[in-house]
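Student: Given the structure of chain A, go ahead and fit chain B onto it with the hints provided.
Residue numbers (the working numbering), protein chains in the order written: chain A, 4 to 208; chain B, 7 to 101.
Treat the hints as calculated values from the structure; they're not laboratory data.
The reader is advised that the hints may include incorrect statements.
[Stated by the list, open to error] List of simulated lysine-lysine pairs, PhoX-like, C-alpha gap at most 25 Å:
(1) B/K69 x B/K18
(2) A/K169 x A/K92
(3) A/K169 x A/K91
(4) A/K21 x A/K112
(5) B/K18 x A/K91
(6) B/K18 x A/K92
(7) A/K21 x B/K69
(8) A/K21 x B/K73
(9) A/K92 x A/K171
[To be verified] Anything over 10 Å on all C-beta distances counts as not near chain B; from chain A, calculated:
(10) S99
(11) D138
(12) A158
(13) F201
Ideal placement from N, C-alpha and C gives every residue a C-beta, glycine not left out.
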Amino acid sequence: MEQNHIEHADHFDPVASKLGMWLFIFTEILLFGGLFIVYSVYRFKHPVEFHLAHEELDVTIGLINTIILLVSSMTVAMSITAMQTGNKKLTLIFLSLTILLALVFLVNKYFEWGAKFHHDIYPGSEFLLSLSKGDMLFFGLYFFMTGLHALHIIAGLALLGVVFAKVKNGSVNQNRYSLLENGGLYWHLVDLIWIFLFPLFYLIH
Amino acid sequence: MSEHKNHISSYKSHAVVLLCLILLTILTVTITSVHLGPFNTAAAMVIASVKAGIVLLYFMHLKFDEKIYRFMVTLVLAIYVVVIIITFFDYLYRP
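Extracted from the complex, chain A is given alone in its bound form:
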C-alpha cells in the first residue's frame, strides 16, 4: 500500500502550465523564424525587385493594423490585471475588446488582399507569373507569411473565445486563471510576429 497516496481530484500547477505554453511558443517562433530567414536571403539576392514590389503595399493600412494589434495586446494584458484583482466583469469587457480588435484586423486584411487580387496580384496569377523572379518571390512570401499570420489571428480568436466562455461560467477564476494567461501569451506572440512583418514588408527603403 502506498502510504503517501493522496487523491488529487484537481491537480493544478500554474508554473508548469505556463512552461508548456512557452514551449509551444518556441515552436511558433522557430516556424516564423525560418520564414524570416528565407525572406532575408531572397531580399539579399534580389534587393531592387523587393524594393519595387513593396511599393504595391499600402503603408497606411499596414500601420493601422500594427496599431490595432498593439492595442489588442494591451487589452488582453489588462484583462489579466482585471482577473487578478477579482473584477470578472472588467475581464470580460477587455476580452471582448481584444476579440473585436482582432476582427477589425481581419476585415482590414480582407480589404487589403482584396485590392491586391483586384490588381491581379495573387499567388499563381498570370500577371505575377509575367514578372521577374524577385517580384514573384516578394509576393509569394508576402501572401504566405501574412496569410500564415492571419491564420494565427483566427486561431487566437478561437482561443480567446474559449477563454471568454470559461471566464464567464467561472471555471477560469481569480484563483485559477492559467488559461487566461496562456491565451494572453498566444495573443502577444501574434503581435510579436507582426512587429517584424510590418517593417520587413511595408517599409523597405
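Tutor: For chain B alone, coordinates are given in the frame of chain A:
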C-alpha cells in the same frame, strides 16, 4: 501561490507600454521614409527588436515571472541568432 505570481501590473503601466510601442512604430515609419542607405533596414530592425523586447518583458510578463521562462526565451533567441549568422556566412561568401 509563490511571490512572483502575485505581481499585478497596473492598468497605467500597460497604457504606458502601449504608448511606447506606438511611438516606436511611428518612429520606424518616419525613419524608413528618409534616405539612410543600408542603415534604413538596420534601424527598422533595431526598433522592431526593441519593441519585441518590450512586449516580451512587460506584456508577456517575463520581467516579473519566474526566471526559468526568461532563461528559456533567451536560449531560444540565441539559437535563432546563431542560425541567422551561419546562413549569412554561407550566402555572403558563396563564389
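Student: For this structure, which hints from the list above don't hold up?
Tutor: Of the numbered hints given earlier, those the structure breaks are 4, 13, listed in rising order.
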